[in-house]
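Asker: Each chain is listed here by its residues.
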Amino acid sequence: MPSAPIIETRNLSKVYLMGTVEVYALKEVSLSVERGEFVAIMGPSGSGKSTLLNLLGCLDRPSSGAYLLEGQDVARLRDTGLAKVRNRRIGFVFQTFNLLPRLSAQRNVELPLLYSRDSREDGSRRARELLQRVGLGERARHKPSEMSGGEQQRVTIARALVNDPAIILADEPTGNLDSATGKEIMALLREVAKEGRTLIMVTHDRSIGEQADRIVWLRDGELSIEEASA
Amino acid sequence: MSFLKTLKAAIESLGQSKLRSLLTILGIIIGVAAVIIVLALGTGATQSVMERFRFLGSNQLEIHSVSSSGMMSSSASSSGNPEAKPITFEEALGMEELSLVERVHISLGGSRIVARGWAKLDTSITGTVAPTTEELVQGEENSDWILAKGEPFTREDVEYEARVCVIGHTVAEEFFLDEEPVGQTLRINGIPFLVIGVFQEKPLERFYDPNNYIKIPISTAAAEFFGRDASVSVTADIVSEESIDAATAEIAAYLRERHEIDVMAGEEDDFDIRSFEAQAKAAMESARTFSSLLSGLAAVSLIVGGIGIMNIMLVSVSERTREIGIRKAIGARHGDIVQQFLLEATVLSLTGGFLGIVAGIGAIPVINHYSTSLFAAFAWHSLPLAFSFSFLVGVAFGFYPALRASQLDPIEALRHE
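As they're listed, the protein sequences go chains A and B. Mapping of the first sequence onto the working numbering: residues 1 to 230, in sequence order. Mapping of the second sequence onto the working numbering: residues 1001 to 1417, in sequence order.
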């Protein structure tokens, strides 16, 4: 018997009011993702990719529909509950890295622990280990402005992993990087996914999308095709 | 999120823009320093009132004509009653005959030119009654009658309006450098007076010479210089503290009779009798009023300082919108963001409070050194007050910006450039 999907959305919709007109950013999206799966979400600009990722990342609430994360309907959670889900169960990797410019790499990686744990020694050791793992062991004390784009994205990945989440959400993780660096980052993300984490990635780059187990296509806020990748 | 880590983060964040943080808390520094100084001035005023009344007995009454009311000696006082009759030195002397009055101290004075030969000096002339034997005892702190040479004048001198005088140290130095002053003659306003004694030198005061004075019999002062119906200031020693009220009534009855005031017919007294206790109380009261008035002003500057903090925190929130978005995305709760910004505001205002306390305490000796009329004494109770004030200002004015920060939508905030 197959295990329950880690992510399951049922008729998920997001509606914005533009003046008096209702605009569907996302319309009745039903999607399910298995534990450990690597899914790419693709589609043209304005197709609702980011809206879907925000909903999956609990940064936003749907206008209607249900979102079951490990069987729990998180659409019903309060703000504090959503913050906890983001903190413990999801790691974010952004296109623009979103590191705090005034903090060192080490402190940036520790940041999510500030909102979850209290034992500092434990946290800083874990952050150091993760930085080593992403190949930045020597650069822990550097600030983001002193690092290349690829290095910054590695810090972001280390930060995403620090609370050992089951799900990694990546929004155009290679969008701001040259192709060689992009390849390195993708390799790192795939490696992370192999540890049994679920990886969901938004991209508009077909060659990157094809590295996923499956591509989900969005068009005008609706799920158009789902294709299994090679 | 642990409090200590948030605190550390707040201090680091503020330390990154030191000049701005300093300018932000300038208002608080000034406000708190003002509170410290105002309270020090209040305490100083209270202390000097206490000092002033320390030697005055609780069994004393002060009596004066309403035409020269209050503690002011000006007979042209606007609040005075123009119909009021003066209390003359004879009426004052008459009070000594009353059963509950042990003794009266009367004084009547002014400034006159004193001369001997070609030498001249502008000196304060005071007419008083003769001292009692107790007042002549050396070492009694409040005695004005400690003589270096000669004798004081007597009751008989007062009775017969004798032209005798006892001179202060400066007067003696001025006119009788190497001579023996006792037995010599001085002219006061042209009238010759026999010097019968010299007062012991008093310690110098900062702005006037306490040794430049002459005492003469009250009757002589009235007859020769100030007029027999000049209003005098009278202090009456009462037989005991318990009889203060009875003595007040006795003196009032005596003065009503002399001034022909019919209280039954609704006429008002033209004199005022007050115990020193009441006067001290009134003086303390006015010191306190003065203090609270200035405290109000200091509070205004604290509020202005608080608005400064609120302003800069709002700027900070909008500058750090993206940071707030990132923090929220990785799991910061509403309360975490509120705590972070509230703590920054509080650290700001408490730092301002601390610097303000330092500045205020530092200003106290400066005030005492340069001001002639103000005396400041550090008030311990101003410390907790200043600290809690600055804490409250930080919390009160930091709360709204913190709330604004916490209510930012994470998606919007992340998109913010």
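It cannot be assumed that every hint is accurate.
Claimed, not checked - Result set (DSS-like, lysine-lysine): computed pairs, CA atoms no more than 25 Å apart in a straight line:
hint, chain 1, residue 1, chain 2, residue 2
1, A, 143, B, 1008
2, B, 1008, B, 1018
3, B, 1202, A, 143
4, A, 84, B, 1018
In case anyone wonders, no lab produced these hints; they're calculated from the structure.
Asker: Compare the structure with each hint and give your call.
Answerer: Now for the hints, and whether the structure bears them out:
1. Between residue 143 of chain A and residue 1008 of chain B, the direct Cα distance comes to roughly 18 Å. Compliance with the 25 Å bound is thereby established for this hinted pair.
2. Simply put, residue 1008 of chain B and residue 1018 of chain B have alpha-carbon atoms about 15 Å apart, close enough for the 25 Å limit, and the pair holds.
3. A distance of roughly 73 Å separates the Cα atoms of residue 1202 of chain B and residue 143 of chain A; the hinted pair therefore is violated under the 25 Å criterion.
4. Distance hint between residue 84 of chain A and residue 1018 of chain B is unfulfilled; the C-alpha atoms sit about 34 Å from each other, more than 25 Å.
Against the hints set out earlier in the document, violations occur for numbers 3, 4.
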